[in-house]
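> Chain by chain, the residues:
2 protein chains.
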Amino acid sequence: MIIEHDVNPDLTEERKKATFDPFKLGNFFWQGQLQRRKEILAYVEAQGAELSPRMPEVFMNRMEQMEDVARLSVAMASHAEKVIDVFKPEEQFYFNSLICGFNGSPFHLHLIMAVPAMINSCDDDQATEWLPKLLNREVIATYAQTEMGHGTNLRALETTATYDPSTEQFILNTPTITATKWWPGALGKSVNYAVVIAQLWTNGKCYGPHPFWVQLRDLDTHKSLPGITLGDIGPKLGTPSNDNGFLRFENYRIPRRYMLMKHAKVLPTGEYLPPLHAKVGYTSMMYVRSMMIYGHAIYLAQAVTIAIRYSCIRRQGEIKPGAGEVKVLDYTTQQYRLLPVLAHVFAIAFTGLYINQLYYTVIGDINAGDVSLLADLHSLGSGLKALTSWQITRGVEQCRLACGGHGYSDASGLPSLYTMVAGSLTYEGENIVMLLQTARSLMKMSAEVSYITDNLEKIEENEQKMKNPISGYIFRKPSISSRINENSKWSFTSGSLTEFVKDESIQVWYHSTYLVELRRIVPKLTFYEIFTISYDFESDWVGDSDCVVAPTKIFFFQVLDYLEAFEHNSRRLILSALDYIQQQKKLGRSAEEAWNEAGVLLCHASKAHTQTFMVRIFIETIPKIEDIAVRNVMEDILWLYISYELVHSAVGLLEEGFLSSIQMGIIRKKMFASLAKIRPNSVALVDSFDFTDRELRSVLGRKDGKVYENLLEWASNSPLNEHDVLPFHEKYLGSAMREARKKREEMSKL
Amino acid sequence: MIIEHDVNPDLTEERKKATFDPFKLGNFFWQGQLQRRKEILAYVEAQGAELSPRMPEVFMNRMEQMEDVARLSVAMASHAEKVIDVFKPEEQFYFNSLICGFNGSPFHLHLIMAVPAMINSCDDDQATEWLPKLLNREVIATYAQTEMGHGTNLRALETTATYDPSTEQFILNTPTITATKWWPGALGKSVNYAVVIAQLWTNGKCYGPHPFWVQLRDLDTHKSLPGITLGDIGPKLGTPSNDNGFLRFENYRIPRRYMLMKHAKVLPTGEYLPPLHAKVGYTSMMYVRSMMIYGHAIYLAQAVTIAIRYSCIRRQGEIKPGAGEVKVLDYTTQQYRLLPVLAHVFAIAFTGLYINQLYYTVIGDINAGDVSLLADLHSLGSGLKALTSWQITRGVEQCRLACGGHGYSDASGLPSLYTMVAGSLTYEGENIVMLLQTARSLMKMSAEVSYITDNLEKIEENEQKMKNPISGYIFRKPSISSRINENSKWSFTSGSLTEFVKDESIQVWYHSTYLVELRRIVPKLTFYEIFTISYDFESDWVGDSDCVVAPTKIFFFQVLDYLEAFEHNSRRLILSALDYIQQQKKLGRSAEEAWNEAGVLLCHASKAHTQTFMVRIFIETIPKIEDIAVRNVMEDILWLYISYELVHSAVGLLEEGFLSSIQMGIIRKKMFASLAKIRPNSVALVDSFDFTDRELRSVLGRKDGKVYENLLEWASNSPLNEHDVLPFHEKYLGSAMREARKKREEMSKL
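Residue numbers (the numbering used here), protein chains in the order written: chain A, 10 to 759; chain B, 10 to 759.
Chain A on its own, in the form it takes in the complex (with noise of 0.2 Å):
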């Protein structure tokens, strides 16, 4: 238990409530470096002004906060092989959170955009001579490939590179306004180089969008080089101490070997040699996807030790009368507003630790020449990366209303918090795209799906499939026979698959064969009128007498039969949407044309196969957990996720009749007595986050709770609060009032 002396007793009660060490937990959370955290939280705090901003960003503006991070980055990079081990991800990410926040440095992108871009992109002899002067920070670097009128399609990018046999030398262009390179992070001021992404025009033929290495300004005064221009993009929602830039090339000229060239190349004759895989040359931007969803975890965690704490500090209206104003966490509406959310920082993580090694996995196997796992990672990163960050945006954003007010204030963290993680939205992929990404390997796999065959190849294909980890439930029958209604005749209905006549002359399959004997009991219904919208729609069936739904047996007692409910959902809703794209082409329309009309339907099925996984990732996690009041807890918390999750879900489960209004209620149940449940151990749940008031740079979210007398100390800081008549004051507001004021008496006088 962490008590401290000097705390808010408020903040104490609940430390002790807590039924388990938050070490512990913390330890989990961090996977063992605990310790190593607070070493690294003690040599930056010994090292007092020198790693600490000069004083909180919000009161800065964007020249004052980029001059501060400059700073810090310096100081930063000059400490860190005395104290972290520079080759951690984690403790690299740890430290740059300790000193500036969550405002990215220069280095900082440099390192996690430029750097991997360039491991990932440079053949052996380009790494040995850019990579020790990357590393060492000898440049500053970022990467290049967002242009104004061109995001996540690639494919349309603008940027030219043209080679020049006679030279050896690529050309790059900016040939329209539309092609201006705009977004880059530290593109406009701070960085020499950049990894620019260029459509690679060779012998009059294009091959599409490619890596360049190219310096953009002089190493000496680090002007703009002469062909190109380059400047800010403006303020933007969050992240004011990043410079994003824009960059235009003006027949700019860079050596043939300034193409990064380990997968495709160009030889000095300007022949051209394509890469081993299509999308190797995407591995930078999976890097980044990967690793962005454990930082999601993270981010979310912030946001809602904030929440939490200042919920046990905030005391507002009375439960029982006349025993005074209660923590506003004690009513349930707080705690279904901010419990839920805690949940969810627990299933992003662990996703993001296993998408973490997923892509080492796939990295090693594309060095080894082996791409089998490539599309599953692409597929599923894109998917994560729409669902948590709508998740942890939601997230942090109900974290700052749960803190009423003085949520809306730059005092409590939460607003610079917000308006950063609302750019992953759409940063790195927009979201509807990256579900539509996912969809389409979905969609890919699911027309392969076949329940039931004769042919024994196929069925020894199948349960290879099934074994996939990821969307091997596909391909798994669903265990539909244990749901038979022994007493409904002709059980199915509008819209309930899993109930069918127990009748063995009948063959019922799921997906089109099911469909077609369907079909033949009741002609005029087809898949995608049960699914979704009726076509040719006969008012007599409704109602018929043969339609009746008997819910499924499961009585949601234990986890497995929540993921079943997922799984199903998911299947259904992935199936779904195959069958509604093959309607769409019997109507006539092109496959792109159905792929369009499908759209929602298609973001709805990536939605619930990313839910799907994230819930079975959580439930494989818990046996992990070795001390036993952790794990009590922990199970709490996926009690919550789960039943909160599902009863969120619900709506196609209920409306094709494979849960019931009782199976509802049960999960309801326990979903509210999973808000119970947890109550009690909330401090001492965010507190195994460790953060510590340097990083959460939040007056609310303070680990000691001394909450109001510190709100109007930091006010203090306003450079409004410098003067107490502002210095044109007179000029304006004291001059109009003065004026009115004469006037009238002037009146009055008459």
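Among the hints, erroneous ones may be present.
If several chains are the same, the list does not tell them apart, and a pair holds so long as it fits within one copy or across any two.
[Stated by the list, open to error] Here are the simulated BS3-like pairs of lysine-lysine, each with C-alpha atoms no more than 25 Å apart in a straight line:
#1 K336 with K214
#2 K232 with K751
#3 K751 with K91
#4 K47 with K97
#5 K474 with K26
#6 K595 with K678
#7 K686 with K595
#8 K453 with K329
#9 K329 with K594
Just so you know, these hints were derived from the structure itself, not from any lab. The structure displayed is predicted, hence computed values, not measured ones.
Given chain A, put chain B in place with the hints provided.
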């Protein structure tokens, strides 16, 4: 049609597709004032720089923004009477937004907060003395209620005003740190007076919070007066030009007559005279809340104008291969994201107009001594404040995300709009508290519901209640007899309250009586079990052949069918929340504990009730549209609105068995069909709102569609771009890189 030259042809193409005249719709939306708006605009434009910000606000720091807003406010005031009718709030609002964007000015707050508070709280003598000074802008005031430790729970305010009969003065004090006034707009630096809410003490007794008129600063020097500490509370998520302030009193004395005495009074002796009605003191809050709703619609209309125009300019990806990149609004996913937001604009606007009128009716009634509608206004206003502020915040965020990466840039105008509207979730009453206020009156009403009774007096009373346009539906017995399933014998089910046996011998009642009957049939089933959580769950009951769902025979081909579904859903949630509370009480909980336990259910009930109200108002508005082409397109919008809202509120109706999958299919089909129908009119619809580029302050939302060519120019305002190399570059990053290079050169020499 608004077809102009020198416009992006992509927008012109859209405008040509319109099936109606945007001017006519605009004139309806602006209640016949479209021509007036154009006159006001022309006047403002003619004044040039005097009424324009000196640069886009986002490039200025807070101090610079405050100075520019002070300049604009004074200029605006000096021009106001020449061009607008200053007694029409809508003209004031428009004039202000043309000049100050959506940044509040000190005069704006003065007019919308302080003046109405004074009008509602001054007795005749006080009004005669002070109101002319306020209206004449001889002083600037704000409304100071919220304290650091106390927001929505007025009764807990700590600031005291203690009457001293010996001097006939009140002594104001801030007894604790949490009693510090915190948040009032313009309080920190701009105003010199405030309406201060303080606990009134007289003759040793506390009479609760009352309003006082308090001078804060010297009229000549503008210095804060002795006994008063004033300042800015620091930066926030949004509204940087607003000096939200703090205020502390130390034995600060004001004359007795500075207590505002329209309702309650303190006589010279100290005797306290109470107000006519306990809630009349809240009328200022009700004014602000009822005015907010229409304002919400306008903000959302601005966001959706930006996003829809830009979505017809931005091209990304191909639908037909080889046909070039398409406008992103051609993606169904983008339509699904934006067009429901457009529908919300109208729904919120129509509701806003209704509640504005209701407010004036109620104020008229109160002045005539009739407070019968006050509770209705208070209840409805609270729910609408919560629901619409969520809708606009989510809607603006959707619009921002629909603009991809550029939505994150301040060039879109959307970050400022978002951070401003996000405040509305909390200010003027935290949303959860607002919903619980609405729930309070719903519970009071529904406890009186009695669908079947022999008592004639009761029947008459009921019929009276049914006539209430806001809550009448709760008292109407659902027309369940039309939904009997002829074939089923015992066809009520888990969750289905709309289906029941066609057996005249059984009294089928809604609400408690109904339950008694149900319990007779299935003794273990309680009302609460049906709706929410299953207590004493008996597994053998699930799947029982008695339990069948036969959905209602509503086909959802008519608008009123939708209204019936919304009413049903809302009544269901209200009655089940009531029942849950009663169950909890039977289990031995106090009324207050039961209320807290039911918190989440109560919020759901309030939301549904408010949503039902909005649907009804939208439906009732359509026939008021005279132009047929306009009415047709507004019917499309209505269909989208009700189908989208019903799909997203369907979970309970499905659970209960009111809706079947087939019906969901019809509703969803209607929703998607509406999207496709509205798509060609999208740009014309947002053109109807008639926003000028002055108001939108958005490069993406430009009326001429010239987005990309103006992004670079906009960014040139960035103070960072005054330098190619930032002044501090060499000091930090420059010298660090130089050092690193030097060190390696030296190493390589060794």
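> It remains to establish, for every hint, whether it holds in the given structure.
Structure-based check of each hint:
1. K336 with K214: Neither: 68 Å inside a copy, 27 Å across copies.
2. K232 with K751: Classified as between; 20 Å across copies, 57 Å inside a copy.
3. K751 with K91: The answer is between: 21 Å across copies meets 25 Å, while 69 Å in one copy does not.
4. K47 with K97: For K47 and K97, only the intra-copy Cα distance (16 Å) is at most 25 Å; the inter-copy one is 62 Å.
5. K474 with K26: neither (47 Å within a copy, 50 Å between copies)
6. K595 with K678: Result: close only across copies, 18 Å inter versus 45 Å intra.
7. K686 with K595: Between copies, since 23 Å is at most 25 Å while 53 Å is not.
8. K453 with K329: Close across copies (20 Å), not inside one copy (58 Å); limit 25 Å.
9. K329 with K594: Intra 63 Å, inter 14 Å, cutoff 25 Å: inter-copy only.
The structure is inconsistent with the numbered hints 1, 5, although it conforms to all the rest.
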